[in-house]
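Chain by chain, the residues:
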Amino acid sequence: MILAQTQTARRPVRLGLTLEHVLPKLVLAPSLVLALVCIYGYMAWTGYISLTPSSFLPMYELSGFEQYQRLLENDRWRVACFNLALFGGLFIGACLLVGVLLAILLDQRIRAEGALRTIYLYPMAISFIVTGTAWKWILNPSLGLEKLVHDFGFTSFEFSWLTDPDKAIYTLVMAAVWQSSGFVMAMFLAGLRGIDSSIIKAAQLDGASLPRIYWRIVLPCLRPVFFSAVMVLSHIAIKSFDLVTALTAGGPGYSTDLPALFMYAHAFTRGQMGLGAASAMMMLAGVLAILVPYLYSELRGKRHA
Amino acid sequence: MHKTRLTLALAGLIGCSVAAQAHAGEVEVLHWWTSGGEAKSAAVLADMLKARGHGWKDFAVAGGGGESAMTVLKTRAVAGTPPAAAQIKGLDIQEWAKLGFLTELDSVAAEENWDTTLPGVVTQVMKYNGHYVAVPVNVHRVNWLWINPKAFEKAGAQIPKNWTEFVAAAEKLQAAGIVPLAHGGQPWQDATVFEAIALEVLGVEDYRKAFVQHDAATLKGAKMVEALERFAEVRRFIDKDSAGRDWNLATGMLLRGEAGMQIMGDWAKGEISAAGLTPGKDILCVATPGTEGSFTFNIDSFAFFKLKNDTDKAAQQALASTILTPEFQEVFNLNKGSIPVRLDSDMSKFDSCAQDSMATFKSANEKGTLIPSWSHGLATTSQVQGALYDVLTKFFNDKKADAVATADLMARAVQSAQ
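Line order of the protein sequences matches chains G and Y. Taking full-length UniProt numbering, the leading residue of the first sequence gets 1, the next gets one more, and so forth. Taking full-length UniProt numbering, the leading residue of the second sequence gets 1, the next gets one more, and so forth.
In case anyone wonders, no lab produced these hints; they're calculated from the structure. Honestly, I wouldn't trust all of these hints.
Each computed EDC-like pair below joins lysine to aspartate or glutamate, with the alpha-carbon atoms no more than 16 Å apart [what the hints assert, rightly or not]:
#, chain 1, residue 1, chain 2, residue 2
1, Y, K220, Y, D408
2, Y, K223, Y, D408
3, Y, K240, Y, D398
4, Y, K399, Y, E292
5, Y, K367, Y, E292
6, Y, K50, Y, D312
7, Y, K240, G, E158
8, G, K147, Y, D241
9, Y, K240, G, E20
10, Y, K400, G, D151
11, Y, K57, Y, E233
12, G, K136, Y, D241
13, G, K147, Y, E233
14, Y, K399, G, D164
15, Y, K399, G, D166
16, G, K167, Y, D312
17, Y, K400, G, D166
18, G, K136, Y, D246
Isolated chain G (complex conformation):
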């Protein structure tokens, strides 16, 4: 209001000019403030809390790196981190593989492509909670797949990964890949359609085989798509919470615990806010450790090219 008043006092020509300069900044300001406070502000606050002995309410006297020390001694945290690496690696790898394969196959000018594409993409529309619950039923030995095969008469069949502490983590990968690979497929399909067909025709004239064309020409052209797919998938993996909650709830025992689940349990249900904050900071550090070098190499590469 004040700004508007002072501006009307000035000459109309100047007003138009200043407005042109000020308006974009003015429009961006609220979202900038929101981002600063709600993302970076709270990040800093969490960092501070991780250095305090906060129990179930925040406290503000510092206690050094005590919470981090506790965190690193905590077996459950180690399991959670190991699980994340395993889950994240397998999930991203499998999603890319399945996604690229589906995209290439769908790209062969086949019939009913639209319908097939929708079928593969559809799981993405479901929330992870639903996926988790459905897969929990499918994988439950006395309810789902195992029982079905038993009912067909093959009673020696056994598939009880969900209730096996050593294998339960792979059921998470299955459910997550089922849900997300269609999305990866869609990204690659869009990328494939964007490739200039004259390059491929030229290669065909030179006598290159189809697999060779894909491997040496098409996939390298899709490098930016890989980049965005990995970005999207890795953030799904790191923040993965709902899927684990619905599918295994971290169990059996805490064999499928993930850092996000660990953080939530300690900060909100066990009254160990300091420890929860410390684990959140460790998650942030982990993300940065992967993200920064990757972003750096990708973006620098582009500038040179």
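Knowing the structure of chain G, use the given hints to seat chain Y on it.
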């Protein structure tokens, strides 16, 4: 809005004519009694309070065994507008009191002789520095073993009185193709079973040392190792699909005769009655092996917050006294499956399991075998409880786990969480 005001005013008027002391204040009560019988009980409490001339503002937060409610409560408390009372239990009461959020209820307590009508072990949980800051609603007994008599008959098993008999009965059930122990593989259920086993091995005194005083030597002692070894043996008495199963589904297995026994607190009675069976007759209730005469208690309670408004404060005190009236205690506990916390309660309307529970509650109080259940947060803070959950559930699910190393880990985990 208008309508509720009117009802409140009306309730106030009626209240005034009944009770002379009434000045219509209002209490806001945070609870998570949102399902069937529990919601009914909350409504009864609201009605009784209205009859005394005070308003009731329901603040029910459903879900997650109170986790979401606690998150809301923290936000409200930090913002300086806490509700008048909130469902907080066990050692968490002490934590809230330590931070100075809770108000004293000493005058109501003195007026109504809480010190004599309630057992000392219970009032200890409700007091901070010798002042009442919370009011107990009910008493659950945790060390119950539920038995399906038909399954036992079929297998020719005897009701177990100690661990050896328990193993014998379990093996007979197994031979008859019945799952011996209905169990859900969730950390708190693992802990509930272990607590019962540990109580037999450790005895009341060492149980207190280990889980109430957190004595490291007892936590990693030879007896604890033995308890863990027995706990490991339980693995072969549960079915392989138990991982992640909810407790009520496990109770369902027991009711259908697919399983022979279940170790669970007396909230299991809700499931039994809902299935049209009578606790004590169709499903038997006995103390978990070797713990007869002992009583591990789990108490739901309301903690009372400091308020600014004087009329609301009066309403708050009225709420505290209403909760402990014999009438409310009876109605509430008949709905919930627990027993009244007052030692002078009339038990004639309750089922035989509840009567049995009350008898043990009284005798245990005299003998000093009334002990807080750590697996339900009555003996430890949520940090220590969580640390113990982690160690035990890991042990129970890992067939290669070593009992000696785990006992050691328990002692360290408890120390680090304190």
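Evaluation of the provided hints:
For the suggested pair K220(Y) and D408(Y), the alpha carbons sit about 5 Å apart, so the restraint of at most 16 Å is met. With a CA separation close to 12 Å, the supplied pair K223(Y) and D408(Y) stays within the 16 Å bound. In summary, the hint linking K240(Y) to D398(Y) is supported, as the alpha carbons are separated by about 13 Å, within the 16 Å threshold. For the suggested pair K399(Y) and E292(Y), the alpha carbons sit about 30 Å apart, so the restraint of at most 16 Å is broken.
Note on K367(Y) and E292(Y): the hinted pairing holds, with a Cα-Cα distance of about 12 Å set against a maximum of 16 Å. Between K50(Y) and D312(Y) the CA atoms are separated by roughly 13 Å; this keeps the pair inside 16 Å, and the hint holds. A hinted pair counts as satisfied when its Cα atoms are at most 16 Å apart, and K240(Y) with E158(G) qualifies at roughly 12 Å. For the given pair, K147(G) sits about 12 Å from D241(Y) by alpha-carbon distance, which is consistent with the 16 Å threshold.
Among the hinted pairs, K240(Y) with E20(G) is inconsistent with the structure: their alpha-carbon atoms are about 70 Å apart, more than 16 Å. Between K400(Y) and D151(G), the direct Cα distance comes to roughly 32 Å. Violation of the 16 Å bound is thereby established for this hinted pair. In summary, the hint linking K57(Y) to E233(Y) is not supported, as the alpha carbons are separated by about 49 Å, beyond the 16 Å threshold. Straight-line distance between C-alpha atoms of K136(G) and D241(Y) comes to about 12 Å, which keeps the hinted pair within the 16 Å bound.
Under the criterion of a C-alpha separation no larger than 16 Å, the hint pairing K147(G) with E233(Y) is inconsistent with the structure, at around 27 Å. At most 16 Å may separate the alpha-carbon atoms for a hinted pair to count; K399(Y) and D164(G) meet this at roughly 10 Å. Under the criterion of a C-alpha separation no larger than 16 Å, the hint pairing K399(Y) with D166(G) is consistent with the structure, at around 11 Å. The straight-line distance between the Cα atoms of K167(G) and D312(Y) is roughly 56 Å, outside the 16 Å bound, and the hint therefore fails.
A hinted pair counts as satisfied when its Cα atoms are at most 16 Å apart, and K400(Y) with D166(G) qualifies at roughly 12 Å. Distance check on the hinted pair: K136(G) and D246(Y) sit about 13 Å apart at the alpha-carbon level, within 16 Å; holds.
Hints 4, 9, 10, 11, 13 and 16 from the earlier list are contradicted by this structure; the remaining hints agree with it.
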